[in-house]
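Undergrad: Residue numbers (the numbering used here), protein chains in the order written: chain A, 845 to 1118; chain B, 845 to 1118; chain C, 845 to 1118.
Misleading hints may appear alongside valid ones.
One copy or two, either will do: identical chains are not told apart, so a pair holds if it fits within one copy or between any two.
[As the list claims (entries may be wrong)] Using 25 Å as the maximum straight-line C-alpha spacing, the simulated DSS-like pairs for lysine-lysine come out as follows:
no.	residue 1	residue 2
1	Lys870	Lys1032
2	Lys1007	Lys1108
3	Lys1096	Lys1003
4	Lys897	Lys870
5	Lys897	Lys1096
6	Lys1096	Lys1108
7	Lys949	Lys1003
8	Lys1118	Lys1096
9	Lys1039	Lys1051
10	Lys1032	Lys1096
11	Lys1108	Lys949
12	Lys949	Lys1096
It is worth saying that the hints were derived from the structure and are not from the lab.
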Amino acid sequence: MAIITLTTDFGIGDYMVAGIKGAILKQLPGIQIVDISHEIEPFNLGEAAYVIKNVYPDFPEDTIHIIGVDALPNEVTRLLAAKIDGHYFVCADNGILSLILAELKPEELVEITLGRYNAYSNFPTRDIFVPVACHIARDGLLNIIGNNTNTYKHLNFLKPQTKEDKVLVGTVIYIDNFGNVITNISHKVFDEVGKGRTFEISVRNFKFTRILSRYSEIVTDFNNEVNSHGEKMVLFNSAGFLEIAIYKSNPKTVGSAKSLLGLKIGDNISVEFK
Amino acid sequence: MAIITLTTDFGIGDYMVAGIKGAILKQLPGIQIVDISHEIEPFNLGEAAYVIKNVYPDFPEDTIHIIGVDALPNEVTRLLAAKIDGHYFVCADNGILSLILAELKPEELVEITLGRYNAYSNFPTRDIFVPVACHIARDGLLNIIGNNTNTYKHLNFLKPQTKEDKVLVGTVIYIDNFGNVITNISHKVFDEVGKGRTFEISVRNFKFTRILSRYSEIVTDFNNEVNSHGEKMVLFNSAGFLEIAIYKSNPKTVGSAKSLLGLKIGDNISVEFK
Amino acid sequence: MAIITLTTDFGIGDYMVAGIKGAILKQLPGIQIVDISHEIEPFNLGEAAYVIKNVYPDFPEDTIHIIGVDALPNEVTRLLAAKIDGHYFVCADNGILSLILAELKPEELVEITLGRYNAYSNFPTRDIFVPVACHIARDGLLNIIGNNTNTYKHLNFLKPQTKEDKVLVGTVIYIDNFGNVITNISHKVFDEVGKGRTFEISVRNFKFTRILSRYSEIVTDFNNEVNSHGEKMVLFNSAGFLEIAIYKSNPKTVGSAKSLLGLKIGDNISVEFK
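Produce the complete structure using the sequences and hints provided.
TA: Here is the structure:
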């Protein structure tokens, strides 16, 4: 049977997440439910998109991903169910789909009509997304629970800017549990603009002239590996984005990229190609 | 097979929650275990009751709810298993049952005798509640693992007070992940006292004269919806309690009801009917 | 089918934990995955070892425990799979195995060779540990995915020190969700050194001359049990270690052992036998 995943900004202290799970299990006893994250910053679509986009390919095809972030329907915000890249996504038409899709096109897309009568529920993730997800999990067709549509709200995914084919200016889009700082500069864009030229990356007052392929490459002597703890580096992370990292970062001891370099979401990072 | 849910104040960093799950799976391989919350404030029965009471109906009947909050048995505190509203609850006789029941009566109630010999375990949730829950999940009868009883500790559920049939004084009982502030004034009590009269709700220095039926009702122009971010409102939440909320609250940006109105658990909110 | 447990320092906000789960479910649909903790302090092997050592016996035999803490392989750090005490552990050769084993010997131990070609992945927990764990869950032999080895890195587990057969000096190794403070003095060591003599335990300026067998033993009058809230005590916790605790501790109200006694990890506690 299909898997249902949950990505929300509900936190894990309230009863909302358990309410969603109970409602799913009432319809589909035994189905596997996987938490992706419930720690999305409230209403932060960019963060939600970054998280789900980087993890959905790890799941089997036909997995159903419920996104309970900024999901209240209203006069102009519809609720959507989409098939993208072999996976199903159930979310509000608040723009998140455009961030997840990037250059992909949805294979199928419907405006949800199921549950139209409780469309003004204050808990649509449980009251509308759950029955939709369960319908899909039972191999139901999307056009049974919604009307086909071709449109969805577009948000400008914060793209890195190129200046005179020489400078690439990116933005911090995410900070992970280790305080490592992730930018919106993908490996692909870096290569397209850089064309193999040498470069200098500027992060506030710090300059970097090489990009490592793995964290441990910063270590020069593994028999005294502890000497490298706390060293700064730049690499492409496992999601393919340029990341400023600290080797074995620990906010309580050696510090993290976030704290040591004083970076926060929205800050700029620039790459100058020679 | 039945589902077992867990509500505790153990947090998710320690090994306690996993210990409970391991112990359940040792007895019942493959059973579905759902976390309700492990973030209950230590020993806070009111918070635990609010959470479990609002979520248990989302689960299928015969679900078994383990409540590992303030669960150490002692000379005067027994351990209980109860059937209420088609669900099973396993908890200490510390008063939480009276908060969950409110106006309901238990369909069955036993004082747990199973595991009497390790009744002084420092980890009764694992050592006593787990075997009891597994017994119930195997369709075992309650009176096999305990003795029928009619009594349980009563706590005064903090009820809103009525003054001269004109003023209703409620209390903040919960603050959710969005910083929205929930009071103990239920829709039912509000209607019984208000009898349809107009009203003014006082929350510190703020006055409200209408109660919305959904969050998005605060928005007047959906094409400029962002203008409404941060607006204060009062509504009945999905659990049926009067809630003071901020539209698209975010503690890091527009603020939350908790921070903007300076509210904390135990504060009073009053409603004056005209 | 086997159970796979996860212990990491990834936190629950990022997509890493869900990525691991997705990767497992791609290979083994329906397998049960249990989170032990994802809140280990970054790279803290002592904390990870304390948590997993105290909880693995609660799981059925043949459970597979993935430890994603400090798991990046490098020129000198191999990846290991071990069978210990009827359970499987998959981790890096960073010393954690020696902390888990203590006086045990591994029943089987291999250096992982599976996935050697992506051995420099920046996400080895997903890319290497998951296929290894799934192989074991399918009853695969360890020597198919690795080469037998007899060696593993040893860390000096912080042992309590004995002075002149009279004084036992222990160290705070863990602080739990209630702020209770756990030392490395086991019941066994205490008995071996103390030989039944009377004793005085010194914790900063506080002295204790008895060890309770359960938290509620501090209460003298259960009808006025609230009078005991906040009282200090020493007992052996459910894992068998000497713990300094506060009865019904709550950081927000009566305080905790951590806050009231000003203790942190690494602090000393001494026991003087008379």
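Undergrad: Starting from the hint list further up, note which numbers the structure goes against and sort them upward.
TA: 1, 8, 10, 11 and 12
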